[in-house]
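Read top to bottom, the protein sequences are chains L and C. With the numbering used here as the guide, the letters of the first sequence map in order to residues 1 to 280. With the numbering used here as the guide, the letters of the second sequence map in order to residues 1001 to 1266.
Just so you know, the hints here were simulated from the structure itself, not pulled from any lab data. These numbers were taken from a predicted model, which means no experiment stands behind them. We put the beta carbon where it would ideally sit given N, CA and C, even for glycine. Hints may contain errors.
With a straight-line cut-off of 16 Å between C-alpha atoms, the simulated EDC-like cross-links for lysine to aspartate or glutamate are [as the list claims (entries may be wrong)]:
1) K1052/C <-> D1105/C
2) K1069/C <-> E48/L
3) K1075/C <-> E98/L
4) K1157/C <-> E1188/C
5) K275/L <-> D218/L
6) K1075/C <-> D1106/C
7) K1135/C <-> D1091/C
8) K1071/C <-> E153/L
9) K1184/C <-> E1121/C
10) K1157/C <-> D1105/C
11) K1217/C <-> D1021/C
12) K1071/C <-> D1106/C
13) K1075/C <-> D1061/C
14) K1071/C <-> D1105/C
15) K1052/C <-> D150/L
16) K1217/C <-> D1091/C
17) K1071/C <-> D218/L
18) K1071/C <-> E55/L
19) K1135/C <-> D1094/C
20) K1069/C <-> E153/L
21) K1052/C <-> E153/L
Which chain L residues face chain C? A few, computed with CB under 10 Å, are given here [claimed, not checked]:
22) R51
23) T142
24) L155
Spelled out, the chains give:
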Amino acid sequence: MWPPRYTHHESPSVRPSVAAAIDLRRHVGRGFLRATSHVGRFTALVVELFRGLAEWRIWFPRTIEQATNIGYGSLLIVLLIAGFAGAVTALQSGYQLEGGFVPVYYAGGVVASGVILELGPVLTALILAGRIGARYAAELGTMRVTEQIDALESLGRSPVTHLLLPRIISGIIVIPALVMIANAMGIASGYFASATTLDLTWSDFTYGARFFFKGPFDLWYSLIKAYFFSLAVTVIPCYIGYNTKQGAEGVGRATTTAVVAASITILLLDTTLAKVLLGQ
Amino acid sequence: MIELRHVSKRFVDNVVLDGVDFDVRQGETVALLGPSGVGKSVLLKHIIGLIKPDTGEVIVDGLNVALLKRKELSKLRQRIGYVFQNGALFDSMDVADNIRLGITDDELYADWKYCQERVRECLRLVNLQPDVMRKFPAELSGGMRKRVGIARAIAGKPTYLLYDEPTSGLDPVNSDVIDNLVEKLQLEIGVTSVMVTHDVRGAFRTADRIALLWQAKIRAMGTAEEILASQDPAVQQFLERDFEMQISQQQGLPTKSRASSHGTQL
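Based on the sequences and whatever the hints tell you, model everything.
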């Protein structure tokens, strides 16, 4: 081919230091463009989601189906994780209170507050990011690379109302419910662990729990966190899965990216909400 | 009528379509031929608005597809049936539900009795027995999946049918079945069709006109006779190579190139 096309690496007139600088600028530029493109596409998707809400006849029946699937499917693992988290909190509280300077009923307070304010919502959300988030990203990613999403569009149907809204809304309904169940399970298992290892009675445990309980706000705080986390667990994996490219490898990449991104967002939201809502 | 006027499309540095002009008249079948990766499917996706052109216009029924709003595009798509290369069937739904989803009129879609009848009718049109209705795509053979894909595309009684490689990956017998089906659908429902294909023999058999996409441009377009009579070296090269390949696949005969390569080795 004439004239010959040189890259700057091959060109005899470009020094290596200049080439490195050009490379750096190119990487930064491409990174910036990619980030901007994600922001644009994510915003467009959110707008589409709000628009799609009007077509409730399409997404509502599918939402019930999805909610049943993810709700029943996640119940066992959520109970298991919350149960162990409550029990471990109780055991470790017992270990901390061994010296006798602090009354042993404090264990009840540590378990109840720890589970309701932090462990219940965060652990449940992280587990569900792995379970529901990975599932959503893999399902939508596979549908994208096998042209099922294109097929839906070609039939004049919106993938947002048929696929995304049912998944996101079912998550918003089911995840806070699962968090509340996890809270109850964590406290119950914490009590049984305290009763067996610290010889704590039910009345001591509840006395300790009430001692630290700051009224219904603690429960609201847990619920508000659960709603925010449910958005992270559903919207992010749906966005990543919906924009999957490049076959089976792309689906694998989308799935892991979705779980990592959702988990990091949950932790960021956890810190932000603690600062904003608890004022600490 | 479908019209592409000076359509260009590039993906990063790869120019896929470069000022393409292409038209399909009402009621005719046009086959779009070309080597793998040349952009035939990209051209087809422009027609239904799945891809937007960088420059140029895609006009369907007088509407500029790239400029349509969401609802207008959705309405236009209801008049176009798209048969995907690998079927693109919804794997979580059975055959009946897949085909039912092709019924694009919301009122008819909600009418369960009509849907059942329409699904049976579409299965009959693509030569499939009603007993496949409750099967899932994973339980079907490649040829059956393609036919269910066609059944889904015609369920909404479209004006246009776009076929993306309807015979790729099929043996010659099944390829013939699909070609017959394309002919039969044109006769029975009178749709306007665009068929992207590698299968030169099938294209010559089923299409009223043939176009060759070559190096991002429409290199030739005309009736089978006009294409065969073309003196364009690219057209001749493509037709010769493809005919040779298909004859060797179907009859197991040594092609000229194969015989000469054997000769060289000996």
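Status of each hint after checking the structure:
no.: 1; hint: K1052/C <-> D1105/C; result: 25 Å, violated
no.: 2; hint: K1069/C <-> E48/L; result: 13 Å, holds
no.: 3; hint: K1075/C <-> E98/L; result: 72 Å, violated
no.: 4; hint: K1157/C <-> E1188/C; result: 11 Å, holds
no.: 5; hint: K275/L <-> D218/L; result: 14 Å, holds
no.: 6; hint: K1075/C <-> D1106/C; result: 11 Å, holds
no.: 7; hint: K1135/C <-> D1091/C; result: 10 Å, holds
no.: 8; hint: K1071/C <-> E153/L; result: 12 Å, holds
no.: 9; hint: K1184/C <-> E1121/C; result: 14 Å, holds
no.: 10; hint: K1157/C <-> D1105/C; result: 10 Å, holds
no.: 11; hint: K1217/C <-> D1021/C; result: 8 Å, holds
no.: 12; hint: K1071/C <-> D1106/C; result: 14 Å, holds
no.: 13; hint: K1075/C <-> D1061/C; result: 12 Å, holds
no.: 14; hint: K1071/C <-> D1105/C; result: 13 Å, holds
no.: 15; hint: K1052/C <-> D150/L; result: 14 Å, holds
no.: 16; hint: K1217/C <-> D1091/C; result: 36 Å, violated
no.: 17; hint: K1071/C <-> D218/L; result: 46 Å, violated
no.: 18; hint: K1071/C <-> E55/L; result: 12 Å, holds
no.: 19; hint: K1135/C <-> D1094/C; result: 5 Å, holds
no.: 20; hint: K1069/C <-> E153/L; result: 14 Å, holds
no.: 21; hint: K1052/C <-> E153/L; result: 14 Å, holds
no.: 22; hint: R51; result: 8 Å, holds
no.: 23; hint: T142; result: 8 Å, holds
no.: 24; hint: L155; result: 6 Å, holds
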